[in-house]
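Number of protein chains: 2
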Amino acid sequence: MSDDILLARAFLNRVAEPACVPLWKLVRDVGPVEAVRMIRAERVVDEVAQATAGRRLTADPEADLEAAARHGLRLVVPESDEWPHFAMSALEQAALERLHEWEHGQKTQSPSGEPIPPLALWVTGPADLASLGVRSVGIVGARSATRYGEQVAMDLAHGLTRRGFAVVSGGAYGIDAAAHRGALAAGGTTVLISAGGLDSPYPPSHAGLYERAAATGLVVSESPPGSTPQRRRFLTRNRLIATLATGTVVVEASLRSGASNTAGHCRRIQRPLMAVPGPVTSPVSAGCHALINADVQPARLITGVADVLALIGSSSDVPIGDPAHEVSADDLRARLDLLDDVSRSVFDGFRAGRAVSCDELAVSSGVSTLDVIRSLPALQLAGLVEGDDGRFRIARAVPRGSRRAGVGSK
Amino acid sequence: MSDDILLARAFLNRVAEPACVPLWKLVRDVGPVEAVRMIRAERVVDEVAQATAGRRLTADPEADLEAAARHGLRLVVPESDEWPHFAMSALEQAALERLHEWEHGQKTQSPSGEPIPPLALWVTGPADLASLGVRSVGIVGARSATRYGEQVAMDLAHGLTRRGFAVVSGGAYGIDAAAHRGALAAGGTTVLISAGGLDSPYPPSHAGLYERAAATGLVVSESPPGSTPQRRRFLTRNRLIATLATGTVVVEASLRSGASNTAGHCRRIQRPLMAVPGPVTSPVSAGCHALINADVQPARLITGVADVLALIGSSSDVPIGDPAHEVSADDLRARLDLLDDVSRSVFDGFRAGRAVSCDELAVSSGVSTLDVIRSLPALQLAGLVEGDDGRFRIARAVPRGSRRAGVGSK
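Chains as they are written, first to last, in this note's numbering: chain P, 117 to 526; chain H, 117 to 526.
Chain P with its partners taken away, still in its complex shape:
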């Protein structure tokens, strides 16, 4: 990756607020380097000109990259190997689905943050950003949490970390902090996604938490160093939690809250949404109960680690042969329906009971090896395929009889 691209992305990341639809469209159309040239030359459509007017002349990507380096931060961009392509694909998909809408009239930005991928991410910490979304769980909730909620968040984070999940949260008081701490206590990976620049932790009293998360996991922000946390940045940050987690658990939330906003992002990008019940007398459980009772895309009621694993774990997390966790033929069809044609063809290429390489799959499915590699994460996330060491097989939870039936009836 060239320095040009890194500098261009640093400029773009600074010149407008996160989740700016016109800017995202411009970069999508002409690429980051040309987008920067056009903005600097004031040869852009009105919406981009408006969004970038305030910082067009002062944005200084070299200075941002230098400041970041001083704070131990790196800029991760879509062109780099570290970019979490798999996790971001859902956001990309949601953005493409809304593109038509945005191009025809809707110029104002959504108050809850648009579902578009970030242009770049500021990151610190040794954990693997690229693989996030395959086995990670968002644990979010009220800042004004109860001791009950904090205990549940910590226990969930602890148990899921011990089973190899990364715990993703927002670093805030209450549930977020309890989730990070539970993961850290288990010696696992936690991913803290901040709403402000990573030069100054927010809240300031969580500086130690930021440090500990960065020591073994990741601390991530879409905002460049020096950015203060603002309401809008919390909302756009929430979409990154939903995106970088395989599924998200809301532990406690009042009826209108940041966690409900995160839940909305989960629904928009079709990520499993879970909620922990609590006393009906507790205002910070009311949001969870409303999510569970929702008529459309209800959250799954979660009482502990096992419930989370049953929903977003892989087949090796559940007892093999447990009929309660087997994928029914209907369920298989539903999961396949959510995939694209290429992924379905790749699934078709599997033979029952045999572990195969990507090259073998390419031959049997009639799809290029590159497409096979691109499809496998989605098939794994859907619980249809499992594998390691470069060899893959149909997941053990998919019953033998229904495997081909599900495909055949498509």
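The hints are simulated quantities; they were obtained by calculation from the structure and are not laboratory data. All of these numbers come straight from a predicted model, not from anything done at the bench. By construction, the Cβ of each residue, glycine as well, lies at the ideal position given by its N, Cα and C atoms. Hints may contain errors.
Covered by chain P, according to a simulated footprint, are these stretches of chain H (three or more residues, beta-carbon under 8 Å) [unchecked claim]: (1) 158 to 166; (2) 394 to 402; (3) 406 to 417.
Pair ranges (Cβ atoms, derived) [as the list claims (entries may be wrong)]: (4) H:Arg449 / P:Asp197: 49 to 57 Å; (5) H:Arg383 / P:Ala426: 49 to 57 Å; (6) P:Ala422 / H:Glu178: 56 to 64 Å; (7) H:Gln166 / P:Arg509: 40 to 48 Å; (8) P:Ala426 / H:Thr397: 13 to 21 Å; (9) H:Thr397 / P:Gly303: 39 to 47 Å; (10) H:Ser432 / P:Arg278: 50 to 58 Å; (11) H:Arg372 / P:Ala426: 17 to 25 Å.
Not the full set, but computed from the structure, chain P residues with beta-carbon under 8 Å of chain H [stated by the list, open to error]: (12) Gly147; (13) Tyr264; (14) Val268; (15) His322; (16) Val392; (17) Pro395; (18) Val412; (19) Gln413; (20) Leu417; (21) Thr419; (22) Ala422; (23) Leu425.
Given the coordinates of chain P, assemble chain H onto it according to the supplied hints.
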């Protein structure tokens, strides 16, 4: 109703344990008086002979009726006006559905109590037994309840009683007692269904509760005076709670518990089942969470009176014109599907916006007046029809456009 029938039912009620399938079949086939004659003459099939052998010679219906009278009890039988025909019809239906199964091999009784109607009920108290099921709510749960659970049970009972619901429960420690007390505190009707004979309240320390329930509501038992509460009687009692309530709320329950048994009865007879969430750390909320999370016939999560009203209240309990509570065309079709042909014909006989008498309905629907009267409770319970003072109309929650469409597309 003749004394013969009352004496015969008293004998049958004494001679075998509640929910005895062979005895119920015999009475169904030959009527109560002839059934008694056959049992006394030992001219019955083996199953009935076995079930009645122990008490055939000692059963003394006159003595039971005299003892009952001394305790202020009356025997209510299906042949009397006070029998809750409407509520019992669901149990009758479930029994008929299983009849074939019973007749072909299954001789042992279910450990959870068979879904058959009682042969008679011992009752005390002034409330209207016949109308139970139209606007009543079962509130049940753990004996070892928490203060949280007791508070929720009491609040629900209090609020629902004030809205004209009768609160049905089992008189036990914990949730049951809290539900009865909440109803009594609101000056409303509570129905206490006991597992033992009504001459000796169980637990004995609840004698005052029995007295207060009987003073304004009802105390009911399927077992004759002198019967001690036994495990099997608790299970068969639970089916009466499920049956006599329009819907049942489980407030707290451990994973295997009497409340789960009551929930099973609700499902078997298709009564709305609700459950209150609580802390995931509380073992007595685990049963509620399992009911809410069930794959088949899950319980609805309930946080308060409004949630219960939305599920089992009538249209006048919800804000008129609130689109969230309107009956959709699909919903209307589904509700009509659950009714029998006669009820559907009666619904067909309504004209939008007009309140009509039973006689007018008989003319417009081509159904006898008696059948109209029999169908109206089911139509009201289904939320399709509302009315009072002998005049009925299509429920306001049924949107005008969908009313005829739902019927036409049948």
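Hint check results:
no., hint, result
1, 158 to 166, "violated (count 0)"
2, 394 to 402, "holds (count 6)"
3, 406 to 417, "holds (count 4)"
4, H:Arg449 / P:Asp197: 49 to 57 Å, "holds (55 Å)"
5, H:Arg383 / P:Ala426: 49 to 57 Å, "violated (22 Å)"
6, P:Ala422 / H:Glu178: 56 to 64 Å, "holds (59 Å)"
7, H:Gln166 / P:Arg509: 40 to 48 Å, "violated (56 Å)"
8, P:Ala426 / H:Thr397: 13 to 21 Å, "holds (19 Å)"
9, H:Thr397 / P:Gly303: 39 to 47 Å, "violated (24 Å)"
10, H:Ser432 / P:Arg278: 50 to 58 Å, "holds (53 Å)"
11, H:Arg372 / P:Ala426: 17 to 25 Å, "holds (20 Å)"
12, Gly147, "violated (47 Å)"
13, Tyr264, "holds (6 Å)"
14, Val268, "holds (6 Å)"
15, His322, "violated (26 Å)"
16, Val392, "holds (6 Å)"
17, Pro395, "holds (6 Å)"
18, Val412, "violated (12 Å)"
19, Gln413, "violated (15 Å)"
20, Leu417, "holds (5 Å)"
21, Thr419, "holds (4 Å)"
22, Ala422, "violated (11 Å)"
23, Leu425, "violated (14 Å)"
When held up to the earlier numbered hints, the structure conflicts with 1, 5, 7, 9, 12, 15, 18, 19, 22 and 23 and fits the remainder.
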